[in-house]
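6 protein chains.
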Amino acid sequence: MARRTPGLVGADLENLVNEAALLAARHNRDKISMDELEEGIERVMAGPERKSRLINDHEKRIIAYHETGHAIVAKVLPGSDPVHKISIIPRGHAALGYTLQLPEEDRFLMSKSELMNRIAVLLSGRVSEEIVFNDVTSGAANDLERATQTARQMVTQLGMSETIGLVKLGNKREEIFLGRDISEDRNYSEEVAYKIDQEVKAIIDACYERAKEILTQRRALMDKIAGVLLEREVIDAEEFERLMSEETAQEIPEVRIDKLPDNNHDFLA
Amino acid sequence: MARRTPGLVGADLENLVNEAALLAARHNRDKISMDELEEGIERVMAGPERKSRLINDHEKRIIAYHETGHAIVAKVLPGSDPVHKISIIPRGHAALGYTLQLPEEDRFLMSKSELMNRIAVLLSGRVSEEIVFNDVTSGAANDLERATQTARQMVTQLGMSETIGLVKLGNKREEIFLGRDISEDRNYSEEVAYKIDQEVKAIIDACYERAKEILTQRRALMDKIAGVLLEREVIDAEEFERLMSEETAQEIPEVRIDKLPDNNHDFLA
Amino acid sequence: MARRTPGLVGADLENLVNEAALLAARHNRDKISMDELEEGIERVMAGPERKSRLINDHEKRIIAYHETGHAIVAKVLPGSDPVHKISIIPRGHAALGYTLQLPEEDRFLMSKSELMNRIAVLLSGRVSEEIVFNDVTSGAANDLERATQTARQMVTQLGMSETIGLVKLGNKREEIFLGRDISEDRNYSEEVAYKIDQEVKAIIDACYERAKEILTQRRALMDKIAGVLLEREVIDAEEFERLMSEETAQEIPEVRIDKLPDNNHDFLA
Amino acid sequence: MARRTPGLVGADLENLVNEAALLAARHNRDKISMDELEEGIERVMAGPERKSRLINDHEKRIIAYHETGHAIVAKVLPGSDPVHKISIIPRGHAALGYTLQLPEEDRFLMSKSELMNRIAVLLSGRVSEEIVFNDVTSGAANDLERATQTARQMVTQLGMSETIGLVKLGNKREEIFLGRDISEDRNYSEEVAYKIDQEVKAIIDACYERAKEILTQRRALMDKIAGVLLEREVIDAEEFERLMSEETAQEIPEVRIDKLPDNNHDFLA
Amino acid sequence: MARRTPGLVGADLENLVNEAALLAARHNRDKISMDELEEGIERVMAGPERKSRLINDHEKRIIAYHETGHAIVAKVLPGSDPVHKISIIPRGHAALGYTLQLPEEDRFLMSKSELMNRIAVLLSGRVSEEIVFNDVTSGAANDLERATQTARQMVTQLGMSETIGLVKLGNKREEIFLGRDISEDRNYSEEVAYKIDQEVKAIIDACYERAKEILTQRRALMDKIAGVLLEREVIDAEEFERLMSEETAQEIPEVRIDKLPDNNHDFLA
Amino acid sequence: MARRTPGLVGADLENLVNEAALLAARHNRDKISMDELEEGIERVMAGPERKSRLINDHEKRIIAYHETGHAIVAKVLPGSDPVHKISIIPRGHAALGYTLQLPEEDRFLMSKSELMNRIAVLLSGRVSEEIVFNDVTSGAANDLERATQTARQMVTQLGMSETIGLVKLGNKREEIFLGRDISEDRNYSEEVAYKIDQEVKAIIDACYERAKEILTQRRALMDKIAGVLLEREVIDAEEFERLMSEETAQEIPEVRIDKLPDNNHDFLA
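Quick note, the sequences are listed as chains A, B, C, D, E and F, same order. Take the first sequence: its letter number 111 is residue 114 in the numbering used here, and every next letter is one higher. Take the second sequence: its letter number 223 is residue 226 in the numbering used here, and every next letter is one higher. Take the third sequence: its letter number 112 is residue 115 in the numbering used here, and every next letter is one higher. Take the fourth sequence: its letter number 13 is residue 16 in the numbering used here, and every next letter is one higher. Take the fifth sequence: its letter number 225 is residue 228 in the numbering used here, and every next letter is one higher. Take the sixth sequence: its letter number 235 is residue 238 in the numbering used here, and every next letter is one higher.
Note that these hints are calculated values from the structure, not bench results. There could be a bad hint or two in this list.
Put simply, identical chains are the same to the list, so a pair is met inside one copy or across any two.
[Said to hold, decoys possible] Cross-link-like lysine to aspartate or glutamate pairs, in silico, EDC-like; alpha carbons within 20 Å at most: (1) K227 / D84; (2) K63 / E107; (3) K54 / E42; (4) K63 / E117; (5) K34 / E216.
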């Protein structure tokens with residue numbers, strides 16, 4: 004079980020154990036089993052299951068393809084956290100489906116290429132909708148927010164844009180890699196604000212193209228996995244590995260983005 | 004009755020039942036009848052009837068055409084919630100008339116084409132005034148606010164503008180699809196602010212043209228429905244269906260908006 | 004009396020009756036007479052009379068022409084509320100004179116042409132000063148504020164400018180048609196801010212030209228009414244109607260404003 | 004005495020009488036004499052005398068010419084309040100000298116030409132320093148503040164600039180003609196902000212030129228009055244009239260300012 | 004002693020006497036002597052001596068030349084307050100050295116030329132570092148702040164820039180000539196903000212050139228005075244006068260600054 | 004020990020002694036030894052050791068090269084504080100490794116060349132990552148913040164940019180050289196804001212090039228020191244000196260930056 008919780012610390016771990024203990028009690032067991040611990044992890048990350056939510060078939064399909072998009076791109080891009088589970092059972096307040104990625108070990112540094120891969124994974128749910136349905140939905144709102152936030156931190160806090168350089172922009176510190184950013188005090192000029200906007204968009208666009216390329220080349224795989232997901236509602240790590248491994252390794256051309264720093268060429272490393 | 008309340012949840016449903024119970028008590032009945040439940044729904048959505056308000060004949064006519072505009076466009080555009088009732092009896096604090104649309108099932112995702120249709124329906128009251136009276140009134144203020152808000156969210160939160168891309172703009176989250184938006188912290192440059200303004204206007208303009216096209220092609224139908232509305236003050240779902248069905252299905256040319264994303268072509272799906 | 008108070012509601016009506024009751028008590032009457040009710044209306048609208056204020060003859064003349072301007076333009080423009088009284092007796096904190104317009108019935112909608120007429124009436128006091136004295140005074144400050152506010156709402160809240168379109172601009176709602184507007188949260192770009200400024204100025208300029216045209220063509224009438232006003236200090240509705248009716252109906256050329264929406268051609272309806 | 008206090012109201016008058024009563028008590032009189040009332044007026048307007056302040060001869064000369072400048076321009080420009088007293092005895096917290104102008108009657112309106120004359124009078128202290136000493140001092144800071152404030156109100160509140168037009172700019176009302184303005188909420192674009200700045204500067208420049216012209220043509224008179232002031236420290240109304248009347252009336256060319264409204268031609272009316 | 008405290012008032016004088024009384028008590032004297040009063044003045048102005056601070060020889064040399072720069076320019080420029088003492092004994096929280104200038108009499112007005120001289124004196128510490136060490140240090144931070152503040156007040160409050168004119172810019176009053184300015188409410192356009200910046204820089208640049216010219220021409224004198232200062236740590240007024248008087252009076256060419264007002268020609272008056 | 008704490012004052016020193024006393028108590032000694040004092044210094048500066056943190060080998064290598072970069076550049080650039088210790092044992096909340104530089108004596112002034120060297124040292128951790136791994140990480144976030152802050156103070160507070168000049172920009176004082184800056188009140192124009200941004204970037208770019216040059220020329224040395232660090236986790240001052248001294252002194256070409264002041268030529272002094 005330790006392999007599944009390296010990303011959790013302090014209060015999160017406590018929450019997890021509490022949730023698992025409650026579930027065990029509900030199941031009339033006096034020990035916490037592996038099943039209950041896993042359910043505990045998902046509760047802490049996405050809230051309790053909401054099976055009572057009646058989602059119509061069309062939306063169910065959109066959600067299935069959306070999550071399939073996240074999972075495939077996470078699998079294909081090097082250095083992404085492994086996909087532990089894909090689900091289209093609604094959870095908590097807002098999650099209609101989710102793809103659970105768990106890191107294999109604690110991490111303290113994020114490289115530029117890893118951050119770009121992370122953004123590409125975040126965008127791939129929306130990309131999947133676009134490819135399959137030729138229409139896009141409000142379901143990607145949270146993904147876009149997190150992708151933009153990460154791209155913005157790369158540009159303004161982490162010196163990862165050649166145009167901006169090794170300058171830290173904005174006065175208040177933002178907690179990097181957390182879901183919530185704090186309103187910043189703009190201490191730079193309009194011209195620099197525009198350069199930031201352009202760089203953030205360039206990163207997002209590059210990652211979007213990357214995700215689109217990966218998924219377009221795997222349309223059949225998408226249909227297969229989304230189909231299984233619609234049928235069973237949940238796919239676990241082993242099943243996902245099996246479905247992915249059937250795929251023939253494909254040659255993927257390298258992405259080039261002129262506006263981004265030179266060291267970007269290891270994007271696909 | 005369940006078919007008429009899928010859009011309501013929690014507190015709303017409680018309100019509805021309370022209102023209906025009060026009405027039943029006032030009618031000296033010990034059971035809540037269907038009539039009282041329906042009236043309850045309208046009270047929760049638009050406030051109590053205000054028959055005492057003396058509205059002059061000219062304004063009455065404007066209101067009738069305004070509501071007729073909403074109703075016809077809602078009926079014509081695919082994927083809009085069905086029109087349940089049209090009324091020109093004033094209600095609550097501000098409603099001089101209203102068109103009650105009720106969803107057929109709970110919805111969790113809104114696609115770009117559905118959002119554009121929703122905006123077109125919101126604008127169609129104003130469009131109707133313009134076509135019929137060649138003057139426009141303050142009566143559309145609330146419609147314009149909601150249409151602008153929806154268009155703005157498409158552009159800044161939902162990544163539905165190709166120019167802006169999959170970037171989330173503005174720092175504080177806004178509750179999407181609720182009537183009230185929260186003041187945002189502008190974290191982008193002037194140039195991007197102007198692009199947002201242009202994109203929002205492009206969406207509004209496209210939806211306006213759409214609504215205008217639909218209504219201009221159905222001028223006779225407008226006169227017929229507004230006439231019935233002025234006579235009876237209220238039109239229910241069945242009557243509205245009957246009035247609409249008399250109309251010959253018309254060929255509606257497709258709308259093209261260059262500035263909007265390519266996937267816009269399914270606007271008329 | 005009901006004919007004179009359709010514009011008043013709730014708290015205003017209560018104020019009015021209180022004022023009238025106090026006046027009746029002061030006059031040792033046990034019933035409120037029509038005179039006291041009328042005085043009550045004026046107190047609620049402009050404050051108590053301030054006959055003790057010593058205003059010099061030159062300023063008295065300016066005030067008389069200022070009010071005469073308001074009254075004539077209100078009479079000439081279609082759809083304006085009828086002039087109930089013109090007075091140059093100071094009232095309350097700030098009113099040096101006033102023209103009392105009372106609506107003939109409750110109104111719930113304001114059309115674009117009515118709003119433009121209202122602005123023209125507001126500007127006509129200043130226009131009158133300019134025509135007669137070739138100098139302008141601080142006396143129009145409040146008129147300009149209300150005219151600007153109305154024009155701004157037309158452009159930013161009511162979708163009545165073709166350049167801006169059916170977009171609602173500014174984040175906080177403003178109570179439309181009330182004297183006081185609330186500081187807004189600017190959620191648009193500098194370019195749009197400038198377009199708003201241009202549109203507001205275009206509306207004000209068009210209405211100013213309209214008022215100037217009307218008054219320039221009626222200079223003799225202005226002198227006649229201002230003369231009566233200087234002599235008697237107050238002109239009531241009947242007397243005003245009589246003075247106006249002596250005038251020969253004049254052909255007034257139509258105003259055209261290129262920057263404003265096409266439906267503007269019904270300005271003179 | 005009534006002639007000397009028309010500008011005062013309410014609290015000011017009470018202050019005045021209190022001050023005069025205190026002075027009478029200090030002089031061991033049981034009645035307030037005319038002298039004490041006059042001293043009371045000056046105390047209310049500029050604070051108590053500060054004879055103990057040791058001002059060096061060079062600064063004394065600058066102050067004398069500064070006040071002489073105010074007084075001469077106030078006398079020459081039509082419609083200015085009459086000069087009641089010129090003094091170079093320091094008063095209160097900040098006044099090193101002062102020119103007391105008292106209105107001859109209560110005023111309720113200020114015309115554009117009167118406001119421009121008022122600004123010219125405010126600037127004339129600085130102008131006098133420049134002409135005589137070829138260097139300028141910090142002594143005009145308060146004059147410049149009041150002149151700018153008045154010019155700004157003409158442009159943004161009173162519709163007295165043709166470029167800006169009859170538009171009221173800025174959201175919070177400012178008490179017009181009081182020494183202190185309240186921070187405004189800018190509700191206009193950068194372009195309009197710049198036009199306001201240009202118009203305010205155009206007004207200030209025009210009034211400055213006017214004051215400079217008047218004083219340059221009266222250099223001998225300036226020397227004479229400043230000389231008397233340095234000798235006696237105070238000049239009263241009669242003495243000032245006598246000194247001014249000795250001057251030969253001079254032909255003063257009219258000021259023309261292109262950027263200002265046409266009705267500006269009555270500047271010298 | 005009165006000659007040394009004309010610049011002090013109210014609370015400052017009280018502080019001074021308290022400090023002197025404490026020192027007298029510490030010295031077991033029952034009367035305050037002249038020595039204690041002088042030390043009191045310096046304590047009020049720069050804080051208590053900090054002889055314990057170990058400053059290395061290189062920094063000691065920089066400080067000596069910095070203070071020598073202030074003192075020489077203050078002596079050379081007309082109208083500056085006389086140099087009472089130069090010291091490189093650290094005092095209070097931040098002073099590593101100081102040049103004590105005391106006015107000869109109370110002053111109430113500051114002319115433009117005096118203000119420019121004051122700025123030149125403030126900048127001359129930094130100028131001295133640059134000439135001697137060809138590197139500059141953080142030691143001038145407070146001088147630059149006060150110089151900028153004075154230049155800004157000349158431009159925005161005192162009408163001493165011809166480009167800006169006699170317009171007061173910024174809404175809140177700033178206490179002129181005090182070390183601390185209050186955050187202002189910008190009530191002007193970007194274009195004017197830039198003109199202010201340019202004018203402030205033009206003033207600073209002109210004064211910098213002036214100081215540089217004065218010191219470059221007196222390099223030998225600088226070495227002599229800095230040498231004495233490094234040896235004795237303190238130079239009093241008499242000693243400073245003696246050192247300066249040995250210098251041959253030099254012909255100093257006049258400074259011309261195109262962007263500044265014409266009356267700038269009396270800069271060296 | 005005094006040689007190792009010149010940079011510490013007041014509360015810091017107290018903290019240090021407390022920490023050392025606690026460590027001595029834990030080691031069952033009744034005297035504080037040199038070892039405990041040294042550990043105390045590091046605790047005060049970077050927090051307690053966190054040996055329990057499991058950092059993977061790849062990240063360990065990145066951290067080792069990052070710290071090696073700081074140490075080599077600090078050694079090579081003249082005037083930098085001596086390197087006392089290099090460590091890759093995590094400490095406190097955020098430090099994954101650290102290079103401890105301790106000044107040899109108290110300092111009160113910072114010259115422009117010293118500040119630029121300090122910035123170069125701050126940037127050299129990131130530079131090292133780039134050279135060795137061809138990818139960059141989030142590990143430099145704090146370095147970039149401090150480097151930017153220092154560069155910004157040089158430009159806006161310390162008059163060290165020729166383009167900006169000796170003007171202090173921004174209204175609130177910032178505590179110079181402390182890690183935290185206070186939000187400033189922008190009192191300058193957009194154009195100046197952009198010039199500041201350009202100057203800050205020019206300084207950062209120049210220092211980055213400097214650090215890159217130094218490290219690129221010492222790649223073998225980097226590998227040697229990073230190797231030792233990975234093996235032993237800590238390198239003390241003597242060991243570091245020994246490793247550095249083996250290196251042959253290299254000719255380093257001078258850096259020239261056109262946009263920066265002329266006195267920049269002593270950058271390598």
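Each hint tested on the structure:
Neither within a single protomer nor between protomers do K227 and D84 lie at most 20 Å apart by alpha-carbon distance, with minima of 22 Å and 33 Å respectively. Taking the shortest Cα distances, K63 and E107 sit within 20 Å of each other only across copies (16 Å), while inside one copy they are farther apart (30 Å). Taking CA atoms no more than 20 Å apart as the test, K54 paired with E42 passes inside one copy only; the shortest distance there is 14 Å, against 31 Å between copies. In this assembly of identical chains, K63 and E117 lie within 20 Å of each other by CA distance solely across copies; the values are 17 Å between and 31 Å within a copy.
Proximity of K34 to E216 under the C-alpha cut-off of 20 Å is found in neither arrangement, the shortest distances being 47 Å within a copy and 61 Å between copies.
This entry does not satisfy hints 1 and 5, going by the numbered hints stated previously.
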